[in-house]
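Asks: The chain contents come next:
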Amino acid sequence: MSLDPGRVAVLRAAYDEALRTARNLRSSVRRLSGTLLPVASGSLERLGEDDRDRLDAFRVRFIELQDLLGAKIFRALLIVEQEKPGSQLDVLNRMEKRGVITSVQAWSALRDLRNSLSHDYPASDAERGAALNEALVQTSALLGVLDTVRGYCAANLGLDLPEP
Amino acid sequence: MRLTSSEAQTIAGLARERFGSQTRVFLFGSRTDDAARGGDIDLYIETTLDTPAALRARMSFAAALFRALGDQKIDIVVKPADRPPTAFESLARAGGIAL
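Those protein sequence lines, which keep their order, are chains W and A.
According to our numbering, the first sequence is numbered sequentially starting from 1.
According to our numbering, the second sequence is numbered sequentially starting from 1.
These are computed hints drawn from the structure, not numbers from a lab.
Just so you know, these numbers come straight off a predicted model, no measurement behind them.
Hints should not be assumed to be uniformly reliable.
As a list, the in silico DSS-like pairs of lysine-lysine whose alpha-carbon atoms are at most 30 Å apart [what the hints assert, rightly or not]:
(1) W/K97 x A/K73
(2) W/K84 x W/K97
(3) W/K84 x A/K73
(4) W/K97 x W/K72
(5) W/K84 x W/K72
(6) W/K72 x A/K73
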């Protein structure tokens, strides 16, 4: 298949943005693991401003990477392959078929975690802490999806994307 | 209530499957109003799970709902067992329709 350079450029731009976010997310995990993460029960309310900011950076980076993959990269990938992305469920089904995500169920669970992280709603520090701890557990899965996108593009489209 | 009976059954069934059989599920917000149109599906869920388990159950519930109901906008509010309801949650429950 000959690839449309304009469409490839859109995919590359989205991938590069995700790669920067992924590097920042990794660095958050590296710096916070064993100190601020996982969040110990009852510890959030005692944190100083700097520590709150550090945890917030981790939270925002997780949300951003999930957004970039789900809202931009999956669609850009289909467009490079000259397919028309339809509904979100349809896009995810096609990502599952390609092996980019392990399952629609697993990806949708990450999307719900992203919503829990972004809402003003969580009523308690315990809920905020639980969401951050789950994000810590799920970070490798999220980073793995970006790497699978890279592998898929190399193997199926002959597209070289930079490694994490 | 503006949900089909099959949608209501799917929601209630999946909620009890993921959050436990004692789970209480309420529809609240604009979908309780037969005269309104469109709008998100707002769900309020009371579970006997504690906070971390409720968060994981919520992830799996939301994913299963997405598969079952497709691209409908669904807002889920979960009250875990280990804290009292917020003012918002009490209102959602009082004005909600049990599924």
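Asks: Run every hint past the structure and note whether it holds.
Replies: The hints, checked one at a time:
no., hint, in the structure
1, W/K97 x A/K73, "holds, 24 Å"
2, W/K84 x W/K97, "holds, 15 Å"
3, W/K84 x A/K73, "holds, 22 Å"
4, W/K97 x W/K72, "holds, 18 Å"
5, W/K84 x W/K72, "holds, 14 Å"
6, W/K72 x A/K73, "holds, 19 Å"
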